[in-house]
Amino acid sequence: MGIEEKLPSGILLTSVEKLSNYARKSSFWGATFGLACCAIEMMAAGGPHYDLGRWGMEVFRASPRQADLMIVAGRVSQKMAPVLRQIYDQMPEPRSVISMGVCASSGGMFNNYAIVQGVDHVVPVDMYLPGCPPRPEMLIDAILKLREKILHQPLGPNGRKMLEARKARGDVPVVAPGAMPSSYRENKARRAEWEQAVKEGREEQLRIENWMKAQNHLSGGVNR
Amino acid sequence: MGTFTGSFKGFGVTFAHMFRKVVTTEYPFKPPTPAPRYHGRHILNRHPDGLEKCIGCELCAWACPADAIYVEGGDNTEEQRFSPGERYASVYQINYARCIFCGLCIEACPTRSLTMSNEYELARDSRQDLIFTKEQLLAPLLPGMEQPPHPMRLGDSEKDYYLGSLTNPGTSAGAERAGGADASQPGEPLSRGAA
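Chains as they are written, first to last, in this note's numbering: chain A, 287 to 510; chain V, 194 to 388.
FYI, nobody ran anything at the bench for these hints, they're computed from the structure.
Don't take each hint at face value.
Said to hold, decoys possible - Stretch by stretch, here's where chain V covers chain A in the computed footprint (C-beta under 8 Å, at least three residues):
| hint | segment |
| --- | --- |
| 1 | 334-345 |
| 2 | 351-364 |
| 3 | 459-469 |
| 4 | 484-498 |
All C-beta atoms, glycine included, are put in the ideal place defined by N, C-alpha and C.
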């Protein structure tokens, strides 16, 4: 990129970084890249019921040159891999990739010669989304996590240096950006709960606990 | 004139929609409740005294069409007891980058140790983080439960655990329902053949 690579470390970067990242994350434009059944869920997420328009990204661009987010929705065959890479290369930087569904993430149940075992063999992936296929909420969750991650991304080589220095000082957020489930992040009480649980290393237990509390039919084993 | 009234009709449809109920879900702010049997992330359950239900038989791993489950069995000893009976799972991993949430592992599980929750917010930014280990999968310790390893509290042999399991499921987050208002409390020894 431009000016941020020429400036000495620390000048201008933090605020410009924040502004640029805020602009980036606030309006993703996805490239239309549906490959299999996950694409149906992706379309559903763009429709009125789930409405990705709430985050300014209901338009899936038919041209990769207008897109900055590629949602690889579905299994990538060996024959599709070069096409995928070409579309990725045609997208303007900065760009991100979500690998949607287990097939794109790791090959899923198709552990055979025809399917690329994870799209990260072909392009760098920013967010892995499991599920077969993931429900639209899961896709929205992945997008929100990616937005949070991008908000904290360093800008240029100096920005990366500053981030490393911050890490060396131990000045890192309790929860890594993009690790907290969206429904927890949007709710203040649950967010505090999650942060506390991460400190104790039991965030997955917290999730099960909260889920059990909400299940009335389990009250025999749990809610005494 | 026909076109004039026609366009009124057309815009009327658009206008009427402004007064309809909004269908959009408010997902991250008000998460919807999935169907009770929605296949979400797994839970490894515990007996009412805190011992693990998993016996390390690997049937879930064999049933898995995506080879997402990895189990290594270990032997229980009198000093180091994690589950009633002979064996327990010393390593238990589910790779959520492979798991297709089909539930065949749940059907295969002979002790109802493995069940599914409705949690679905699983996206992570590395494949490493998507491999859930036993620590992440195990159910939390409820009141009256004790962190294993510890000796069997509910009887002399594993039979006492399985015979009483219908009225006292421990954490069995699945289809079992409460046995009744007076179902025995967790941690309380069951009478033999109570079920």
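Legend entry - Those earlier numbered hints the structure runs against, lowest number first: 2
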